[in-house]
Amino acid sequence: MSALAYVGVRKTFGATVALEHFDLALREGELVSLLGPSGCGKTTALRIAAGFELPDAGTVTVAGSDITRVPAHRRNMGMVFQSYSLFPNLTVELNVDYGLRSRKVAKAERARRVARMLELVQLSHLAKRYPHQLSGGQQQRVALARALAVEPQVLLLDEPLSALDAKVRTTLRDEIRRIQTELGITTLFVTHDQEEALAISDRVGVMSEGRLEQLGEPTEVYRQPASAFVARFVGSMNELAATGRPGGGVDVGGVGLPVPDGRALRPGAAGSLLVRPEDVRLEPLDGDGDGAGLRGTVVTQVFAGPSTLVKVRVDAVDALVTADVPGAAPYAAGDRVAVHVDTARAIVEPAAEVAS
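Mapped onto our numbering, the consecutive letters of the sequence shown carry residue numbers 6 to 361.
No wet-lab data here; the hints were simulated from the structure. Every residue gets a Cβ at the ideal spot worked out from N, C-alpha and C, and that includes glycine. Please note that a few of the clues may not be correct.
Stated by the list, open to error - What follows is a set of in silico ranges between Cβ atoms, one per label pair, in the way DEER data are often shown: (1) Gly252 to Gly141: 57 to 63 angstroms; (2) His137 to Arg237: 38 to 44 angstroms; (3) Val173 to Pro265: 25 to 31 angstroms.
Make the full structure from the sequences, and use the hints.
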């Protein structure tokens, strides 16, 4: 039985289709991220689970019980928003206590839960402070503690880190994962930040135009994207103009390259070959270089600590390709290089899709 499930959910706002044939099932205790660009439907899906929006069709269940038409205040959900939504006139501990008091939880039990939650988010020493006396990261921890204090069946997080600076985001992201794992609470996390989703999720759902393009473990979504959209949105991709070859594979600038089974273009058909930077390998060339294969000229390189991102202009297709080279790359602008492309994980996109 799924902890939270959407079955055939559809939602429109006037002529705009926000969700279409949306199916998603969260397992007990897992964290699933919905990832996608603005307007893809991820926040609408979360608001439907919370009860803030009603679907036009389909059902939503929690632990097998249909909650599709249950009012928001009667759903046992914890929600954390992008804006902290704290009560400015209440102290930290009273903010965390608010949901418990509204549920008429006994005073002693309220005190126990508030203390436990503040300890969990490491804010016990700030219990008597007011929101304006806290940093943004601390305020979001209070919001998280308040959502968890009511012991919800499902925790819903709507871009809770997007208002924070990069360093605080990373720290709080890791804290959310630690707390979620420790409590074993089923969590739906909405974000447009791919790094965030890949870092903390058990599974990632990539959305586009109201549909779930792919749902899988972070490594699967990154290494085996189900579509060109997923490949482009999750991580970075090199794109090379390609033409289908008789007998399979593609032609890139006169060089024949194999492609994964089922991804070949029709012979003579135009399209694009999408390859990750880490699947591009460079070798130095003397002069212009001789023999078959792709060749190019180094344009720029950016040292990124463990690796260097080297941009090369490939002669045959007049396109820039980025190679992720381990360590400090031994190249400079103007160097001639051979460009070797590993296509085992490549995506091939027909030209008709490119145009659309």
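Could you tell me which of the hints above the structure violates, numbers in ascending order? Of the numbered hints given earlier, the structure breaks just one, which is hint 3.
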